[in-house]
Amino acid sequence: MSFVDFLQKLQASPLGWTISGSAVLFPWIESVHVLAITFVVGSIAMVDLRLLGWAGRGDSIVRMSREIVPWTVGAFCIAAVTGGLLFSSSAVRYWANGYFRAKLVLLVLAGLNMLVFHFITGRRMADWPTSGPLPVAARVAGGVSLVFWVVIVVFGRWVGFTL
Amino acid sequence: MFVEQMQRVSAWIIATPASQAVQALDGYVPATQSVHILAIAVVVATTTMMNLRLLGLMNRSLPIAVLGERLRRPVWIALAVLLISGLALLLAEPERSLASQVFQLKMLLLATACVLVVRQQKAIRTQAPEWDSLGAVPLAVRVPAAFLLGIWSCIVFAGRWIAYAQY
Numbered sequence: 121m122s123f124v125d126f127l128q129k130l131q132a133s134p135l136g137w138t139i140s141g142s143a144v145l146f147p148w149i150e151s152v153h154v155l156a157i158t159f160v161v162g163s164i165a166m167v168d169l170r171l172l173g174w175a176g177r178g179d180s181i182v183r184m185s186r187e188i189v190p191w192t193v194g195a196f197c198i199a200a201v202t203g204g205l206l207f208s209s210s211a212v213r214y215w216a217n218g219y220f221r222a223k224l225v226l227l228v229l230a231g232l233n234m235l236v237f238h239f240i241t242g243r244r245m246a247d248w249p250t251s252g253p254l255p256v257a258a259r260v261a262g263g264v265s266l267v268f269w270v271v272i273v274v275f276g277r278w279v280g281f282t283l
Numbered sequence: 209m210f211v212e213q214m215q216r217v218s219a220w221i222i223a224t225p226a227s228q229a230v231q232a233l234d235g236y237v238p239a240t241q242s243v244h245i246l247a248i249a250v251v252v253a254t255t256t257m258m259n260l261r262l263l264g265l266m267n268r269s270l271p272i273a274v275l276g277e278r279l280r281r282p283v284w285i286a287l288a289v290l291l292i293s294g295l296a297l298l299l300a301e302p303e304r305s306l307a308s309q310v311f312q313l314k315m316l317l318l319a320t321a322c323v324l325v326v327r328q329q330k331a332i333r334t335q336a337p338e339w340d341s342l343g344a345v346p347l348a349v350r351v352p353a354a355f356l357l358g359i360w361s362c363i364v365f366a367g368r369w370i371a372y373a374q375y
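As given, the protein sequences belong to chains A and B, one line each in that order.
The first sequence lines up with residues 121 to 283 when you count with my numbering.
The second sequence lines up with residues 209 to 375 when you count with my numbering.
Derived by calculation from the structure, the hints in this document are not laboratory data.
Ideal placement from N, C-alpha and C gives every residue a C-beta, glycine not left out.
Treat each hint with caution, since some may be false.
Stated by the list, open to error - Label-pair restraints from in silico Cβ distances:
| id | chain 1 | residue 1 | chain 2 | residue 2 | range |
| --- | --- | --- | --- | --- | --- |
| 1 | A | V189 | B | V274 | 16 to 26 Å |
| 2 | B | A229 | A | R183 | 42 to 52 Å |
| 3 | A | V182 | B | T320 | 36 to 46 Å |
| 4 | A | V267 | B | L316 | 32 to 42 Å |
| 5 | B | E277 | A | L235 | 31 to 41 Å |
| 6 | A | P255 | B | E277 | 39 to 49 Å |
| 7 | A | I198 | B | A373 | 45 to 55 Å |
| 8 | B | Q228 | A | V182 | 46 to 56 Å |
| 9 | A | G252 | B | I292 | 53 to 63 Å |
| 10 | B | A288 | A | T138 | 20 to 30 Å |
| 11 | B | L316 | A | R186 | 31 to 41 Å |
| 12 | B | V326 | A | V189 | 26 to 36 Å |
| 13 | A | P255 | B | W220 | 29 to 39 Å |
Said to hold, decoys possible - Computed footprint of chain A on chain B; a stretch qualifies when at least three of its residues, placed anywhere within it, have a C-beta under 8 Å from a C-beta of chain A:
| id | segment |
| --- | --- |
| 14 | 293-299 |
| 15 | 308-320 |
| 16 | 327-336 |
| 17 | 339-347 |
| 18 | 351-358 |
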């Protein structure tokens with residue numbers, strides 16, 4: 121079975137069929153998807169701007185990682201599940217869309233950037249100054265993340281216009 | 209409400225040279241919508257953090273006075289970007305919104321949210337140090353905070369539903 125066969129099966133499954141066959145399910149799921157994304161992007165941007173030193177300079181990255189990031193992860197899970205549901209309604213068409221694929225690649229890259237930050241760059245974040253500039257690697261991580269997430273939103277919007 | 213009047217206003221806007229010009233621009237609507245969504249992301253993240261903080265659920269180690277001071281301006285800057293990008297969208301597709309009851313409801317919710325945010329920010333500016341030292345936030349502040357969480361969510365939902373509602 122090829123991957124496209126699998127996508128065919130997915131959109132013909134009771135799940136995919138129920139969503140595509142309903143007049144209201146898709147917009148409701150999409151609304152939850154958008155709401156979750158707004159929180160994900162907005163809260164990540166706060167951490168990124170702090171890493172860059174452009175905002176919240178009096179705040180510590182340790183505190184932000186502990187008190188903000190868990191909420192971001194929760195919202196991301198909601199966005200991922202609702203995104204998966206939306207995908208299942210028309211899997212073959214989404215997969216054929218270049219912006220959709222580029223968005224998936226960017227999501228993976230944004231995730232890798234976070235993992236590198238979590239396990240390598242930010243390993244000693246407890247030693248970082250609470251105020252003032254952070255190490256260059258931390259600032260780069262913040263800048264890269266900000267760009268990734270902005271482009272993810274833009275591509276997400278473009279998918280809706282190019283399907 | 210006022211469907212006929214709104215349709216007439218829309219017809220007038222569509223015929224203006226400015227509207228004609230942006231309608232001819234490739235990618236104008238998705239690009240403007242992207243800006244609109246990024247701005248609402250700032251509004252949702254900042255207001256959710258403030259409201260959850262007032263409810264004692266998030267950012268608990270940060271004094272309300274400090275968080276309030278930090279988030280006060282970004283909300284209004286983002287709302288200004290939302291207003292401008294929203295007007296830019298209206299210019300290209302006026303009828304889609306103006307004649308839509310979902311859009312009208314969204315504007316009503318937005319006005320309510322703005323009033324509540326102004327009141328909340330005023331209360332934070334004058335009383336937050338007291339709440340921080342007491343370790344408690346009055347019910348009269350927590351109830352509107354809970355409402356605001358719901359109102360902003362409804363605003364995002366309504367925004368998405370404009371695309372689907374037929375009236």
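Results of checking the hints against the structure:
no., hint, in the structure
1, A/V189 x B/V274: 16 to 26 Å, "19 Å, holds"
2, B/A229 x A/R183: 42 to 52 Å, "48 Å, holds"
3, A/V182 x B/T320: 36 to 46 Å, "37 Å, holds"
4, A/V267 x B/L316: 32 to 42 Å, "36 Å, holds"
5, B/E277 x A/L235: 31 to 41 Å, "33 Å, holds"
6, A/P255 x B/E277: 39 to 49 Å, "27 Å, violated"
7, A/I198 x B/A373: 45 to 55 Å, "24 Å, violated"
8, B/Q228 x A/V182: 46 to 56 Å, "54 Å, holds"
9, A/G252 x B/I292: 53 to 63 Å, "34 Å, violated"
10, B/A288 x A/T138: 20 to 30 Å, "41 Å, violated"
11, B/L316 x A/R186: 31 to 41 Å, "38 Å, holds"
12, B/V326 x A/V189: 26 to 36 Å, "30 Å, holds"
13, A/P255 x B/W220: 29 to 39 Å, "57 Å, violated"
14, 293-299, "violated (count 0)"
15, 308-320, "violated (count 0)"
16, 327-336, "violated (count 0)"
17, 339-347, "violated (count 0)"
18, 351-358, "violated (count 0)"
Hints 6, 7, 9, 10, 13, 14, 15, 16, 17, 18 from the earlier list are contradicted by this structure; the remaining hints agree with it.
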